[in-house]
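Protein sequence lines correspond, in order, to chains L and W. In terms of my numbering, the first sequence has 13 at position 13, counting the first letter as 1, and numbering is strictly consecutive. To convert, take the position in the second sequence, counting from 1, and add 129; that gives my numbering.
I should point out that these hints are in silico values taken from the structure, not numbers from a laboratory. All clues given are correct.
Under the rule of at most 30 angstroms between Cα atoms (straight-line distance), these lysine-lysine pairs were calculated in the DSS-like manner: (1) L:Lys65 to L:Lys52; (2) L:Lys65 to W:Lys305; (3) L:Lys6 to W:Lys193; (4) L:Lys65 to L:Lys6; (5) L:Lys2 to L:Lys52; (6) W:Lys160 to W:Lys305; (7) L:Lys52 to L:Lys6; (8) L:Lys121 to W:Lys305; (9) W:Lys160 to L:Lys65; (10) L:Lys2 to L:Lys65; (11) W:Lys193 to L:Lys65.
Covered stretches of chain L, as calculated for chain W (at least 3 residues, CB under 8 angstroms): (12) 16-24; (13) 52-58; (14) 70-77.
Positions of the beta carbon are idealized from the N, C-alpha and C atoms, including for glycine.
Listed below, chain by chain, are the residues.
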Amino acid sequence: MKETWKFLWQMAFLMALFLASNWLVGFTGLPMPGNVLGIIVLFLLLLTGVVKEEHISTAANFLLKHMVFFFVPVAVGLMQWGGVFYDYGWILLAAVVIGAILPLLAVGLLGRALRRRTRRKEEESCSPM
Amino acid sequence: MQSYVSISTVLCILGTLLAYMAVRALYLRYKHPLINIVALGAAIIITVLVVCDISYAVYEPAAKIMTVFIGPATVALALPLYRYRQVLLRYVLAILGSVCAGTFVAMFSAGLIARLGGLPQEVVISIIPKSVSIPFAIEIAGLYGGIPSLAAAFVVATGTLGSLMGGWTLNLAGVKDPFARGLSLGTVSHAQGTAAALQEGEEQGAMAGLALILAGIITAAIAPVVVWMVLRFPAVG
Chain L
1 MKETWKFLWQ MAFLMALFLA SNWLVGFTGL PMPGNVLGII VLFLLLLTGV VKEEHISTAA
61 NFLLKHMVFF FVPVAVGLMQ WGGVFYDYGW ILLAAVVIGA ILPLLAVGLL GRALRRRTRR
121 KEEESCSPM
Chain W
130 MQSYVSISTV LCILGTLLAY MAVRALYLRY KHPLINIVAL GAAIIITVLV VCDISYAVYE
190 PAAKIMTVFI GPATVALALP LYRYRQVLLR YVLAILGSVC AGTFVAMFSA GLIARLGGLP
250 QEVVISIIPK SVSIPFAIEI AGLYGGIPSL AAAFVVATGT LGSLMGGWTL NLAGVKDPFA
310 RGLSLGTVSH AQGTAAALQE GEEQGAMAGL ALILAGIITA AIAPVVVWMV LRFPAVG
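The task is simple: from the sequences and hints, build the whole structure.
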C-alpha cells in the first residue's frame with residue numbers, strides 16, 4: 001500500500017513537472033517542446049540535489065521500462081496515412097534508408113575519432129608530470 | 130455537461146494493452162530485433178480495426194487517453210542522463226560534436242531527398258525529425274507545419290531500420306569502439322537503436338541512451354534552421 005502511494009506521488013510529480021514545463025514554453029515562447037524543457041529542468045534538479053534519485057526512481061523506472069507502450073497508439077494513427085505511403089513509396093524509402101546510413105557512419109566515425117583525441121590529450125597533459 | 134468514457138474506448142484501451150503485453154512477451158522470449166514492439170503492436174491493432182471495418186475515429190479517443198503519459202515518460206529520461214553524468218562530463222566534446230553532426234546529417238539528408246523527390250511540403254517537414262523519439266518528433270513536426278502522426282510513422286520506420294542494419298553498417302565501416310557505436314545507434318534510431326545497442330553491451334546502451342536524449346534536444350533546437358534550409362531547395366516533380 002505504501003509502495004502504491006509512493007508510485008502515485010512520483011507519477012503525479014513527473015506529470016506536474018511536464019505540465020509546468022509545457023505551460024512555461026507556451027508562456028515564454030521558448031523554441032523547444034515542453035517535454036524537452038522538462039528533461040532539462042529535472043536534470044538540473046537532480047544535479048543540484050533538490051530532487052534525489054529515490055524521489056522519482058520508482059515511477060521513472062516504470063515509465064522508462066514501458067515507454068514503448070505509449071507509442072503503440074501513436075503508431076496506430078499511421079492507418080490514416082496509407083495513401084501517402086502508397087503514392088510516394090520509393091522516395092520515402094530512399095529518404096529513410098539514406099537518411100539513416102549517412103548519420104550512422106557520421107556519428108560512428110566522428111565519435112571514435114573525437115574520443116581518441118580526448119584520450120590522447122589527457123595522456124599528453126599527464127605524461128610530463 | 131456530461132463527460133463519460135464510452136465502452137468502445139475502454140475496449141480499445143484494453144485491446145492495446147493486450148497487444149502490447151503479447152508482443153512484449155514475444156520480444157522478451159526471442160530478443161530478436163525484428164520483433165519491434167511499436168511496429169508489431171500497432172500492426173496488430175490496425176489489422177483488427179481494418180478487418181472489423183472500424184474507422185480510426187473510433188480508436189482516436191482511446192489513443193488520446195493513452196498518450197497522456199508520453200509527457201511524464203519523456204521527462205523521466207532525465208534520470209539515465211543523470212546516472213551517466215560522469216561519462217558525459219569526461220567526453221563532453223566528443224559526444225556533443227558527433228551527435229550534433231549526426232543529427233544534422235540525419236535531418237538534412239532525409240529532408241533534402243524528400244524535397245527533391247517532389248513530396249508535399251508538410252510531408253517533407255514531417256520526415257525531418259525522423260531520428261528522434263516519437264514525443265520529440267510529434268512536437269517538432271507540429272511546431273513547424275508538419276503532420277504529427279506522419280512524423281511518428283517516419284520515426285517508427287527509422288527506428289526499425291536502424292535496429293535492423295545499424296550494427297551491420299558500423300561493422301562495414303570498421304567502427305568497433307563501443308562508445309562510438311552506442312552514440313551512433315542512439316542518435317539515428319532513438320529508443321529502438323538504444324535497445325539494439327543494449328543487446329551489444331552495457332557501454333553501448335548507456336551511450337545510446339545519452340545520444341537519444343541529446344539528439345532530441347539538438348533536433349528541437351536546430352529544426353527551424355534545417356526546415357528553412359531544406360525549403361530553400363526547389364520542389365521538383
